[in-house]
Structure formats: structure tokens, C-alpha cells
Amino acid sequence: MQTIPRIQPRPARRNELSTHRIYVHVGWPTLGRLPLMPTDLRAVVEMQLITLCRRLDVEPLAVRATSNRVMLLLRLKPNHTLVTLVSRLKSGSEEALTDAGRGVHWGSGFAASTVGGEELQRVARFISRLD
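Counted from 1, the sequence shown has number 68 at position 58 by my numbering; the numbering is strictly sequential.
Any given hint could turn out to be false.
Pairs of lysine to any residue residues, derived as SDA-like cross-links and limited to a Cα-Cα distance of at most 25 Å, are as follows [as the list claims (entries may be wrong)]:
{"no.": "1", "residue 1": "LYS87", "residue 2": "SER77"}
{"no.": "2", "residue 1": "LYS100", "residue 2": "LEU44"}
{"no.": "3", "residue 1": "LYS87", "residue 2": "SER97"}
{"no.": "4", "residue 1": "LYS87", "residue 2": "PRO48"}
{"no.": "5", "residue 1": "LYS100", "residue 2": "ALA110"}
{"no.": "6", "residue 1": "LYS87", "residue 2": "GLU129"}
{"no.": "7", "residue 1": "LYS100", "residue 2": "PRO88"}
{"no.": "8", "residue 1": "LYS100", "residue 2": "GLY119"}
{"no.": "9", "residue 1": "LYS87", "residue 2": "ASP50"}
{"no.": "10", "residue 1": "LYS87", "residue 2": "LEU44"}
{"no.": "11", "residue 1": "LYS87", "residue 2": "ARG43"}
{"no.": "12", "residue 1": "LYS100", "residue 2": "LEU51"}
{"no.": "13", "residue 1": "LYS100", "residue 2": "GLU128"}
{"no.": "14", "residue 1": "LYS100", "residue 2": "ASP50"}
{"no.": "15", "residue 1": "LYS87", "residue 2": "LEU41"}
{"no.": "16", "residue 1": "LYS87", "residue 2": "SER101"}
{"no.": "17", "residue 1": "LYS100", "residue 2": "THR76"}
{"no.": "18", "residue 1": "LYS87", "residue 2": "GLY42"}
{"no.": "19", "residue 1": "LYS87", "residue 2": "SER138"}
{"no.": "20", "residue 1": "LYS87", "residue 2": "THR108"}
{"no.": "21", "residue 1": "LYS87", "residue 2": "GLY37"}
{"no.": "22", "residue 1": "LYS100", "residue 2": "GLY111"}
{"no.": "23", "residue 1": "LYS87", "residue 2": "ARG98"}
{"no.": "24", "residue 1": "LYS87", "residue 2": "THR29"}
{"no.": "25", "residue 1": "LYS100", "residue 2": "HIS90"}
{"no.": "26", "residue 1": "LYS100", "residue 2": "ILE60"}
{"no.": "27", "residue 1": "LYS100", "residue 2": "ASN89"}
{"no.": "28", "residue 1": "LYS100", "residue 2": "ASP141"}
{"no.": "29", "residue 1": "LYS87", "residue 2": "MET57"}
{"no.": "30", "residue 1": "LYS100", "residue 2": "VAL114"}
{"no.": "31", "residue 1": "LYS100", "residue 2": "PRO48"}
{"no.": "32", "residue 1": "LYS87", "residue 2": "ARG65"}
{"no.": "33", "residue 1": "LYS100", "residue 2": "LEU46"}
{"no.": "34", "residue 1": "LYS100", "residue 2": "THR124"}
{"no.": "35", "residue 1": "LYS87", "residue 2": "GLY111"}
{"no.": "36", "residue 1": "LYS87", "residue 2": "LEU130"}
{"no.": "37", "residue 1": "LYS100", "residue 2": "LEU41"}
It is worth saying that the hints were derived from the structure and are not from the lab.
Working from the sequences, and respecting the hints, build out all of it.
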């Protein structure tokens with residue numbers, strides 16, 4: 011299972027006008043919240059989510075797939091739309107499962123909350139301890 015160990019946000023670049031610190035804790039269930047994802051597929055899903063995040067210019071700080079859900083801690087840019095982002099992450103990771111020969115599907119919707127300050131480390135630890 012993949013967890014990015016320490017939260018080390020990228021420093022602002024010299025030519026950037028401002029920095030952004032938009033951190034979001036996001037999660038969604040498997041279809042029916044059933045334990046549909048076997049252990050051997052969890053790493054596949056986690057790596058696919060990390061790859062998708064980077065392609066979408068999102069910084070994944072913690073990523074965990076369990077038997078019945080996915081949880082992420084993400085750093086977003088102000089131009090990201092959360093609904094579109096999560097939709098792309100869900101569909102892309104579901105594709106990875108299909109390509110791996112498994113028919114695990116995500117449930118509808120997702121939960122999200124903003125995180126800041128000292129909560130960042132607490133949420134990252136929480137995600138890393140999920141099983």
C-alpha cells in the first residue's frame with residue numbers, strides 16, 4: 011500500500027505570483043461499501059491514483075486503498091474543480107482495476123473536507139494506518 015511518508019509541499023517557484031495551500035481529505039467507497047478489493051489489487055489502485063494525480067497537476071500527500079474504500083490527502087491548485095477531479099480519479103482507477111482483470115466498481119459520490127495546519131499530519135497518519 012502506498013503512502014507518501016512525510017508532507018513536504020513543493021516550495022513556491024520564483025516566478026509564481028502567489029502560493030496555494032489548499033489541502034483536501036477525499037474518500038469514496040466501493041459499490042455498496044462491500045469489501046470488493048482484494049489485497050493484491052490495492053497497490054495497483056494506489057499507484058494508479060498517484061499517477062492520475064500527477065497527470066492532473068495535483069499533489070498526492072497520502073493515498074490508501076482498503077477492501078471497501080479509498081482515502082487520499084491532496085494538495086490542490088485554485089483552478090481545480092473537486093467534483094471533476096474526483097470523477098477523473100474514480101474513473102481512471104476503475105479502469106486500472108478492469109485492466110488488471112478485476113471488476114471492482116466504486117460507489118456513487120464521495121466525501122471531502124478541507125484540512126489545514128496541524129491537521130495535515132494527523133490526517134496523513136490516519137490514512138496511512140487504514141487497513
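Indices of hints not satisfied (ascending) | Hints 1, 4, 9, 10, 11, 13, 15, 18, 20 and 35 contradicted; others consistent.
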